[in-house]
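Asker: Chains Y and L, in that order, give the protein sequences. Residue numbering for the first sequence is 82 to 194, as defined by our numbering. Residue numbering for the second sequence is 765 to 879, as defined by our numbering.
No wet-lab data here; the hints were simulated from the structure. You can trust all of the hints, since none of them are fake.
Just the calculated beta-carbon pair ranges, DEER-fashion:
{"id": "1", "chain 1": "Y", "residue 1": "Ala161", "chain 2": "L", "residue 2": "Gln821", "range": "48 to 58 Å"}
{"id": "2", "chain 1": "L", "residue 1": "Thr769", "chain 2": "Y", "residue 2": "His160", "range": "35 to 45 Å"}
{"id": "3", "chain 1": "Y", "residue 1": "Glu84", "chain 2": "L", "residue 2": "Lys866", "range": "16 to 26 Å"}
List of simulated lysine to aspartate or glutamate pairs, EDC-like, C-alpha gap at most 20 Å:
{"id": "4", "chain 1": "Y", "residue 1": "Lys103", "chain 2": "Y", "residue 2": "Glu84"}
{"id": "5", "chain 1": "Y", "residue 1": "Lys122", "chain 2": "L", "residue 2": "Glu808"}
{"id": "6", "chain 1": "Y", "residue 1": "Lys122", "chain 2": "L", "residue 2": "Asp786"}
{"id": "7", "chain 1": "Y", "residue 1": "Lys117", "chain 2": "L", "residue 2": "Glu808"}
{"id": "8", "chain 1": "Y", "residue 1": "Lys122", "chain 2": "L", "residue 2": "Asp850"}
{"id": "9", "chain 1": "Y", "residue 1": "Lys121", "chain 2": "L", "residue 2": "Asp786"}
{"id": "10", "chain 1": "Y", "residue 1": "Lys119", "chain 2": "L", "residue 2": "Glu808"}
{"id": "11", "chain 1": "Y", "residue 1": "Lys103", "chain 2": "L", "residue 2": "Glu808"}
{"id": "12", "chain 1": "Y", "residue 1": "Lys90", "chain 2": "Y", "residue 2": "Glu105"}
{"id": "13", "chain 1": "L", "residue 1": "Lys767", "chain 2": "Y", "residue 2": "Glu139"}
{"id": "14", "chain 1": "L", "residue 1": "Lys874", "chain 2": "L", "residue 2": "Glu808"}
{"id": "15", "chain 1": "L", "residue 1": "Lys866", "chain 2": "Y", "residue 2": "Glu181"}
{"id": "16", "chain 1": "Y", "residue 1": "Lys121", "chain 2": "L", "residue 2": "Asp850"}
{"id": "17", "chain 1": "L", "residue 1": "Lys767", "chain 2": "Y", "residue 2": "Glu125"}
{"id": "18", "chain 1": "L", "residue 1": "Lys866", "chain 2": "L", "residue 2": "Glu808"}
{"id": "19", "chain 1": "L", "residue 1": "Lys866", "chain 2": "Y", "residue 2": "Glu139"}
{"id": "20", "chain 1": "L", "residue 1": "Lys866", "chain 2": "Y", "residue 2": "Glu125"}
{"id": "21", "chain 1": "L", "residue 1": "Lys767", "chain 2": "Y", "residue 2": "Glu181"}
{"id": "22", "chain 1": "L", "residue 1": "Lys866", "chain 2": "Y", "residue 2": "Glu133"}
{"id": "23", "chain 1": "L", "residue 1": "Lys866", "chain 2": "Y", "residue 2": "Glu148"}
{"id": "24", "chain 1": "Y", "residue 1": "Lys121", "chain 2": "L", "residue 2": "Glu808"}
{"id": "25", "chain 1": "Y", "residue 1": "Lys90", "chain 2": "L", "residue 2": "Glu808"}
{"id": "26", "chain 1": "L", "residue 1": "Lys874", "chain 2": "Y", "residue 2": "Glu125"}
{"id": "27", "chain 1": "L", "residue 1": "Lys780", "chain 2": "L", "residue 2": "Glu825"}
{"id": "28", "chain 1": "Y", "residue 1": "Lys134", "chain 2": "L", "residue 2": "Asp862"}
We treat Cβ as the ideally placed atom computed from N, Cα and C, and that holds for glycine.
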Amino acid sequence: DTEVTQTPKHLVMGMTNKKSLKCEQHMGHRAMYWYKQKAKKPPELMFVYSYEKLSINESVPSRFSPECPNSSLLNLHLHALQPEDSALYLCASSQGRGHETQYFGPGTRLLVL
Amino acid sequence: AQKITQTQPGMFVQEKEAVTLDCTYDTSDPSYGLFWYKQPSSGEMIFLIYQGSYDQQNATEGRYSLNFQKARKSANLVISASQLGDSAMYFCAMREGDNFNKFYFGSGTKLNVKP
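Given these sequences and hints, build the entire structure.
Answerer: Written out as structure tokens, the structure reads:
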């Protein structure tokens with residue numbers, strides 16, 4: 082089973098709202114990722130958690146705040162977003178022990194008004 | 765320099781025919797991994813196939829095979845017997861060295877399969 086789940090599937094929020102994206106995997110993977118993808122572009126890495134510690138932050142604005150409560154869960158907290166933050170947000174996971182294939186969730190389509 | 769280059773923004777193929785999607789890469793590290801992902805319009809990135817730099821044989825997974833030419837730094841994806849469901853965006857990606865968590869993605873190729 083290589084399933085990564087993400088909720089919600091779609092999200093519309095205003096620029097003053099606070100919302101969270103959720104990602105879950107039960108494959109025993111120890112690395113989890115957030116990507117942002119604009120239409121017709123490749124995914125852009127935002128954050129990586131390895132063994133529940135933040136290991137990579139690709140200079141993402143502080144209005145995006147990741148959280149890894151346990152090895153199966155990854156959240157992305159959103160606050161004071163801008164319309165240009167509208168995108169598909171993809172979560173992925175990998176074994177994290179040198180087995181690097183990343184398995185992606187279905188994504189959350191975010192629209193910021 | 766681009767780490768991964770996909771030079772075909774869009775491709776058409778007739779159903780049941782084979783198609784090759786091009787990917788070239790740039791790295792000086794002897795250890796790297798190459799991946800292909802499929803992204804239908806629904807958005808999910810689906811892992812298709814992996815090739816390690818030290819693998820002696822080309823990777824195959826069902827109708828997908830990877831034509832790995834190390835000297836040319838190319839890792840083309842071959843899809844045999846195309847199906848309508850193969851219509852999607854295809855991304856080539858690379859991991860280099862010990863940086864297992866960072867992927868470099870190409871710009872993608874949009875494949876359309878015609879009935």
